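Engineer: Take a look at the letters that make up each chain.
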Amino acid sequence: MNKTGAQILCDSLVKEGVEVIFGILGGALLPLYDILPQYPQIRHILTRHEQGAVHAAEGYARATGRVGVCIATSGPGATNLVTGIADAYMDSVPLVAITGQVATPFIGKDAFQETDITGITLPITKYNYLVTDVTRLAEIVKEAFHIAQTGRPGPVLIDIPKDVLQAVTNFVYPEKVNLPSYKITSRGHMAQIRRAVKLIDKAERPLIIAGRGILISRAWDELKLLAEKAQIPVVSTLLGLSSFPGRHILNFGMLGMHGMAYANLAVQNADLVIAIGMRFDDRATANTDDFAPLARIIHIDIDPAEISKNVPADVPIVGDVKAVLNVLNKEVGSNDHLEWVSQLGQWKYEYPLVDLSQGDKLLPQYIVEQICEVTQGDTVVVTGVGQHQMWAAQHFTYTRLNSFISAGGLGPMGFGLPAAMGARIGLPEETVWCIDGDGSFQMNIQELGTIAQERIAIKIAIMNNGFLGMVRQWQEMFYHGRYVHTKLWNPDFVKIAEAYDIPGIRVKHKEEVVSAINRAMDCPGPFLLDFAVEPEENVYPMVSPGENLAKFIDTPRPEVLSK
Amino acid sequence: MFKKKRTLIALVEDKPGVLNRVVSLFRRRGYNIQSLAVGGSERTGLSRMSFVVVGDSAVVEQVRKQLDKLIDVVKVSDITDMDAVFRELALIKVKAPASVRSEIMQIVDIFRANIVDVSLNSLTVEVTGDDSKIGSLIGLLHRFGIKEIARTGKIAITRGGVKD
Ligand SMILES: Cc1ncc(C[n+]2csc(CCOP(=O)(O)OP(=O)(O)O)c2C)c(N)n1
Ligand SMILES: [Mg+2]
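Sequences listed follow chains A and B, in order.
Just so you know, we're using my numbering here: the first sequence kicks off at -1 and counts up by one.
Just so you know, we're using my numbering here: the second sequence kicks off at 497 and counts up by one.
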C-alpha cells in the first residue's frame, strides 16, 4: 500500500511496539506531526527541551528494558539531543533518536536549520543513518531498532529529510533485518567457561563484580544462583546497583571512588575477580595498575572490545551474561568461603558508613535512608549527578531489581528530572523518586512544565546544599578550600513548583523528614520536596584520584561517638 | 611497552560514510595510522582496507576489536605475522637535466621501476614494492632533487591457499 514517509515511519514504530515517544517538533518535522494523531497507539510527550526528551527516553529505556524513542527537529533540535545520546552510548542504553533534516536538495548548502547530525553523532552512536530514499525508510527503522537493542545496546540515530517524509512509496515492513556484517557472540566459548569454572572452584577469596550488563541481560537470577551456589560475595559498580538483592548476606555494596570501604577492600584482597557485564570504568577501578593486585580476573561481557581494554583479563568470556552464567552455573561446584565472607563481614563492621542516628543536622544521607525506609525500598530511584547521586547509591538499600537509574559513564547534570519522567511513564504503577541536586535540577528544571502538562506523578527530592557540591568537595580537598564558582544562589523551588501547579514543601529540620516523605507519597500526583541540607557535607569514603582502591579516605568518625 | 608496525586488513561494506566511520574511530581513540589504502575487493558491495598502525600489541589488539565492532566492518585480520604479500605504488617526480638523465635511468632499471612521464627537466618514476624498496629508491633519487612524491599506501594480501 502506498504511504508517505511520515506514515511509513509511524507504521514502523507501531510495528516495533513503540508506545511512547518524547520530543519537540519544528519545521522539518511538520509532515510527521501532522499525521501523528492518526496513530493513537503512539503516545507523544511534548517536552520543554530536546535534552529533556532524550533523557526521558533513556529513563524509559533503563526502567523497562525496552527501546526509548525521542524525536527532534533539524538543526538546534538535533544538537540539543547530543548530551543524551552520548550518555546512552556510555551506559549502553537502547535508544532510537529520530531527527528531522532539511530537504535533500538543501543538504550541504548550509540551509536554514541544517546541521550534519550524523557527522556530529558518529562517535557517540552505535550506528546512525541519513535516509535519502523513502524506499529504504522501513528497512532502516527495522535495522535501527534491531541494532539498538541487541548485543551491547546503544543509541541509533535516524536523520530524515523533510522531502523523504513527504515522498510516497509502497509500504512493506520487513520481517527480518539484513545485516551480514553485524555479528554478536552471545554464547560464551565453552573452553573459556571451563577454565573459569576451574578458577572459581579452587579460589579461596573469590569476588563477583556485578555491572549493568546483569540488568541489561536480565540475569539477576543467574547471578544470585552463582553467588549462592559457590558462596561468592558480590560487589557492584554504580550502574550494577540493584542487580543483586540489597539485603542479601553476600551483598557487599558498591566499589569504586565512592564505594564502600569494605567493597574496595574485598577487591584489593580477592584472589579471583569475576567481573560480569562491567567495563572497568576508572571510577570503579581507581588506579588500574594496582587494581585487584592479588586476583586473577575472569571477565564476562558481550562486547569483545571491552575485554582487556582497561584491565587485562586472565579468562575472557565473550557472550551474553545470562547465557554464559546459565552454562557456568551448571559446572561450578558448590562451595563455601566462610573465612573470606566473614572477613568481609568484619570489614563491614569496622568501616560502616556515616552514623546517622546521632546529631540533629539535616544530612542528605539521612533523607536518602528515610526515603528507603518509608517506601520499603519499593520504588525506582532516579538521580542527578553529584554528591546526592553518590549518597543515593550508598545509603539506599536496593531490594527491588533494576530500581536504580543513574547516568554513570557520562555523568550529565540535568539527567534526573527528565529520566524520572520517562521511568514513570514506562512504569505507571510504580513509585518513582527523583533524588536530585540543586544544581542538577536547574539544568532541566523546565521539564516541570512537561510533568505538569502530562501529570507525571513523580516525587522529587532536591538535596539543596546551595553548592555544586561535588565540585565544592574537590575544591575543599584538593584546592585548599578555595570555593571558586561553586556557590549557588537558588530560587525558591517550592514557589517554582507552585507556579507549575505542582505541590511542594521545604524541609529544614531532621524531624520533619519522615512526615514530608509521607506527604509526598500520599499525594496522587507529582510532588516536590526541597530539603535544606547541610551545605558542606562530604561524600565518604573517597579514593583520591591516582590512588588504589584500598587507599580510601574513610568517613570521619568523631572519637566521642565511638566511645 | 614495545611499539611495532602492524598491518591490518578489513573487509567493509561499500557504503557512503564507512571510511569516515573508520577514520573517526582512529582519531577518537588516539590510534596512529601510518598508512591507509582503500579499494574494491573480490566481492561486490565490499571494499578492502589496508592499514599500517603503530602501537604495542595491546593497542593493536584494541584497534582490531574496535574496528570489528563497527557495524559496517565484516572482518578484520592482523596479517603482520602471516605469510602475505605487501605492495605499495609510488610516483616520484625528480629533477632530471640532460646531464644526469642516464644515471637516473640506470637506477630506475635496477629497481625495475618505470618512467611514466618525461619533460624537459624532470622525469616521473613509477615504482611498486614493499616499504624498503620504495624507501631505498627515494633515498637514491634524493640527490637529484625530488619535486613531488605520491604514494598509495600499503596494500596486502595473504599468500597461497584458499581459506575462509
Ligand atoms: C552538564 C554537567 N556540567 C558540569 C558537570 C560537573 N559537575 C559534576 S557534579 C557537579 C555539581 C552538581 O551539583 P548538584 O547538582 O547541586 O549536586 P551536589 O553535588 O551538590 O549534590 C558538577 C558541576 C557535570 N557533571 N555535568
Ligand atoms: Mg548541590
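Hints are computed from structural coordinates only; laboratory data are not their basis.
There could be a bad hint or two in this list.
What the hints assert, rightly or not - The calculated lysine-lysine pairs, modelled on PhoX-like cross-linking and capped at a C-alpha distance of 20 Å, are:
# : chain 1 : residue 1 : chain 2 : residue 2
1 : B       : K500      : A       : K307
2 : A       : K359      : A       : K196
3 : B       : K499      : A       : K307
4 : A       : K346      : A       : K196
5 : A       : K307      : B       : K565
6 : A       : K181      : B       : K571
7 : A       : K181      : A       : K359
8 : A       : K140      : B       : K571
The structure presented is a predicted model; accordingly, all values stated were derived computationally and were not measured.
Engineer: Okay, which hints does this one fail, numbers in order?
Structural biologist: Hint check: 2, 4, 7 and 8 fail, others pass.
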